[in-house]
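**Q** Fit chains B and C to the given chain A structure using the hints.
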Amino acid sequence: MDSPLRLIAQNPVDRLAHTVEALLVVASAPLSVSELADATVDDPERVETALRLLGERYREGRSGIVLEQVAGGYAFRASRDAADACARLFERPVERGVSQAALETLAIVAYLGPCSRPEIARIRGVAADSAVASLVERGLIAEAGRESGPGGAIRYRTTPLFERVFGLESLAALPRLDDLGATEDELRSRLIEVAEARAS
Amino acid sequence: MDSPLRLIAQNPVDRLAHTVEALLVVASAPLSVSELADATVDDPERVETALRLLGERYREGRSGIVLEQVAGGYAFRASRDAADACARLFERPVERGVSQAALETLAIVAYLGPCSRPEIARIRGVAADSAVASLVERGLIAEAGRESGPGGAIRYRTTPLFERVFGLESLAALPRLDDLGATEDELRSRLIEVAEARAS
Amino acid sequence: MPALHPRPAVRDLELDLDAFEGPFDLLLTLLLKEEIEPREIDVAGIVLAFLEHLADRDEVDLEACGEFLVLISALLELKARALFPEEAAELDELEPEEAAEELARRLAEYRRMKEAAAWLVERLAAESERFFRLGPAPLAPRIERRLADQSASALADALRGLAVPPPNVSLSHMALRFPPVTQFLERFRALLARRRRFDFDTEVAGLSRVEQAVAFLALLELRKSGEIALSQAAPFTPIRVSRADEERIPAWTARSA
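Chains as they are written, first to last, in the working numbering: chain A, 620 to 819; chain B, 620 to 819; chain C, 256 to 512.
Chain A with its partners taken away, still in its complex shape (with noise of 0.2 Å):
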C-alpha cells in the first residue's frame, strides 16, 4: 500500500476534484464512486469529498452544469435554467411518444424485477410484445437472460438509461407500491365494506 499513499500526499483534493470532473465530462454513463476511485487511483473517501467540493460548484443556480447523483453513480447534466435552450437544440428520442402501454409495462419490468413478456401480458391482461419491443429499442429495458435455462422465455429487466432518464438515484428510489394506493388488504376490505353497508 505504498504508492496509493505517496500519490494521496501528492495529490491535494482540489486536484483530486480536477480529475473527478474531467472524468465526469468524458463519461458516457454516471460514473459511481468505485469507479471513479479506480481511474483515479484513489481512496473512495476522498473521492466522495471531492465529489462534495464539485457538487458545491457544479449547483442549479450557480452553474449551466450541473452534478447530480443519479442512476447508481455521479454524471453532469445541464442545468434546468439552460431546458429551454437544450430543447431547441436536442431531441428527447427516449421520452417521446411513450404509450400507456408501454409505461405500463415499464413499471412491471421496474418494480417486479426480472420478467417475460408472458408475465407481463399476465399482469396487464393484453399481449405485451409491441410494448417491449419499444421500451428495448428506447434502451429503457434490456434483456435479462431467460427463465429458468433453456427454452425459457426471455426476461426483461430495466437499464441504468431507465433511472438516470427517470432520474432516479436507484431502483430503490422507487415509490414503495404500498404508498401509492390501496393494497389488496384494503381493496378487499373496502369491497366487504360495501357489500356489509348495502346489506344493513
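No wet-lab data here; the hints were simulated from the structure. Owing to the predicted nature of the structure, the values given are computational and were not obtained by experimental measurement. Each residue gets a CB set at the ideal place from its N, CA and C atoms; glycine is no exception. One or more of the hints may lead you astray.
Stated by the list, open to error - Here are the computed distance ranges between Cβ atoms for each label pair:
{"#": "1", "chain 1": "A", "residue 1": "G764", "chain 2": "B", "residue 2": "R795", "range": "22 to 32 Å"}
{"#": "2", "chain 1": "A", "residue 1": "A792", "chain 2": "C", "residue 2": "E384", "range": "41 to 51 Å"}
{"#": "3", "chain 1": "B", "residue 1": "S653", "chain 2": "C", "residue 2": "P396", "range": "54 to 64 Å"}
{"#": "4", "chain 1": "C", "residue 1": "L309", "chain 2": "A", "residue 2": "A702", "range": "35 to 45 Å"}
{"#": "5", "chain 1": "C", "residue 1": "S383", "chain 2": "A", "residue 2": "S749", "range": "47 to 57 Å"}
{"#": "6", "chain 1": "B", "residue 1": "V755", "chain 2": "C", "residue 2": "E307", "range": "30 to 40 Å"}
{"#": "7", "chain 1": "C", "residue 1": "T457", "chain 2": "A", "residue 2": "G764", "range": "48 to 58 Å"}
{"#": "8", "chain 1": "C", "residue 1": "T492", "chain 2": "B", "residue 2": "S808", "range": "49 to 59 Å"}
{"#": "9", "chain 1": "B", "residue 1": "S808", "chain 2": "C", "residue 2": "L331", "range": "53 to 63 Å"}
{"#": "10", "chain 1": "C", "residue 1": "S408", "chain 2": "B", "residue 2": "D748", "range": "22 to 32 Å"}
Claimed, not checked - From the derived model, a few chain C residues whose C-beta atoms are all more than 10 Å from chain A:
{"#": "11", "residue": "D311"}
{"#": "12", "residue": "F387"}
{"#": "13", "residue": "L389"}
{"#": "14", "residue": "T437"}
{"#": "15", "residue": "E441"}
{"#": "16", "residue": "L446"}
{"#": "17", "residue": "V459"}
{"#": "18", "residue": "A468"}
{"#": "19", "residue": "V469"}
{"#": "20", "residue": "I494"}
{"#": "21", "residue": "R495"}
{"#": "22", "residue": "S497"}
**A** Structure of chains B and C alone, referenced to chain A:
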C-alpha cells in the same frame, strides 16, 4: 430584430455563458457559434464573448474540464493532467463472458452461416438489433453482403476475432450438434420450428 | 359536486342481471365472499351493461375498457373452472376459493401497476427540464472492449437451448385443453364403416367431460353433413348413432331396437 435585442438587455453575458456551458455538456458533437446562437436565441458576437469567458474558466491547468475549439465548433474535453485517469476509465477490464442474448446470436451466426437480423430474431423469438449492434461493435461479427433479391437484409458472419476468442481454428472446429440435425438446413428448420412453437 | 370524476369507474357499473342486481363492485364482493356461485353470473349481461354504459358517453374511456377486460376475463376464468371442476383441478391445483383469492390478487396487482405507471408519467413530466448527454462525449477516447477466452461448448449449449421445445407454462391453467373434433369425426366414421350403428354413451364412457363434449360436437357435425342419423327414445336415455342410409327404413329398425 426587436425581441432579440430586448432579450439581450435582460440577459447579461455571464448568464449566457451558463446556458452555453449547459449546451456544451449535453452535446455529443462540437457546437458551432451559429448553433449556439440559435439555441440561446442570442447574438453570435455575444455568444463568442461568452465562449471567451468560458475559455478562460475552462482552461488547461485551471480546471479538469477544458473548452476546445475544433473543426466543427466548440466542445469540452478532459484536461491533459487527467489523461492517465481517463485512459484507465476507458480501458475496460477484460470481460469474462458475454450475455445470453450475445451468446445465442453468436451461436446462430456461427452454426448457420451468414444470417440476417430478421432470421436471428425469428429463431430467438425477439428483436436482434441491439445484440447484433453490440457484437459488431466488439468485432465478433461483421457484415457479409445482403440476402438475395432487391432490398435484401444485411447478413452477418463471425470474424477471425470470434474464432480466436472461442479457441477455434476455424468454424469447422465448432462442437458437433448431430443430435439436432445432420445438416445446416436441418438445424435451421428445427430451430425455426421450436421458435414458432414458443411464439404460439 | 361538480364532475371531478366524470366517468364512474368500472366497479360502479350498475348491473341488472337475473342472479344479481347492483353495482359491479358488490358483485365482486359477493363472489369473493362466495355468496354467489360464479356459474350463476351472466357474463354476457355484464358485457351488455358495460357496452350500454359506453354508448351513453361521448368518448371511449380506454382505461375503463382495460379494467373491464381484466375483470371480465378473471370472471370467465372463475366460471370456466366452476363448469369443469375435475378438469380444472387436473390442470391446476387451484381450489375455487383460491381462484377467488387469485382474482382479488390479480386485480390489486394490476391496479398497483397502473398506479406505478401513473407515477412514472408524473415523474417524466417533472424531469422534462433535465437534459443530459446520451452516449460518449465528442472528444472522449474510444472505449476498447476486450473479451476473455470463451469456450466453444457454450455456443453449442446456447443453440441446444434454442432447440428445446418451450415448457407449457403460465397460461396453461387458463386454457381447458380441448381434443380436436376431427379426432372423433374419424373415430366415428371408422366405427360406422365396421358397424351399422353404435351407442354414443357406451362409446364415450370413460372419457373426460371435456372429451365427451367434443365427441358430442363431432356427432352434431356428422349429423349436419348427413352422414349419420341420431335417435333417442326419451331425454337422458342412450343416444343411438346409425349410418344415414339406415334411416330410410326407420319403421322396423326403431321398433326392433
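**Q** Does each hint fit the structure? Answer for all of them.
**A** Here is what the structure says about each hint:
no. : hint                        : in the structure
1   : A:G764 - B:R795: 22 to 32 Å : holds (26 Å)
2   : A:A792 - C:E384: 41 to 51 Å : violated (19 Å)
3   : B:S653 - C:P396: 54 to 64 Å : violated (28 Å)
4   : C:L309 - A:A702: 35 to 45 Å : holds (40 Å)
5   : C:S383 - A:S749: 47 to 57 Å : violated (25 Å)
6   : B:V755 - C:E307: 30 to 40 Å : violated (56 Å)
7   : C:T457 - A:G764: 48 to 58 Å : holds (53 Å)
8   : C:T492 - B:S808: 49 to 59 Å : holds (53 Å)
9   : B:S808 - C:L331: 53 to 63 Å : violated (38 Å)
10  : C:S408 - B:D748: 22 to 32 Å : holds (27 Å)
11  : D311                        : holds (23 Å)
12  : F387                        : violated (4 Å)
13  : L389                        : violated (7 Å)
14  : T437                        : holds (28 Å)
15  : E441                        : holds (32 Å)
16  : L446                        : holds (39 Å)
17  : V459                        : holds (34 Å)
18  : A468                        : holds (27 Å)
19  : V469                        : holds (27 Å)
20  : I494                        : holds (40 Å)
21  : R495                        : holds (46 Å)
22  : S497                        : holds (47 Å)
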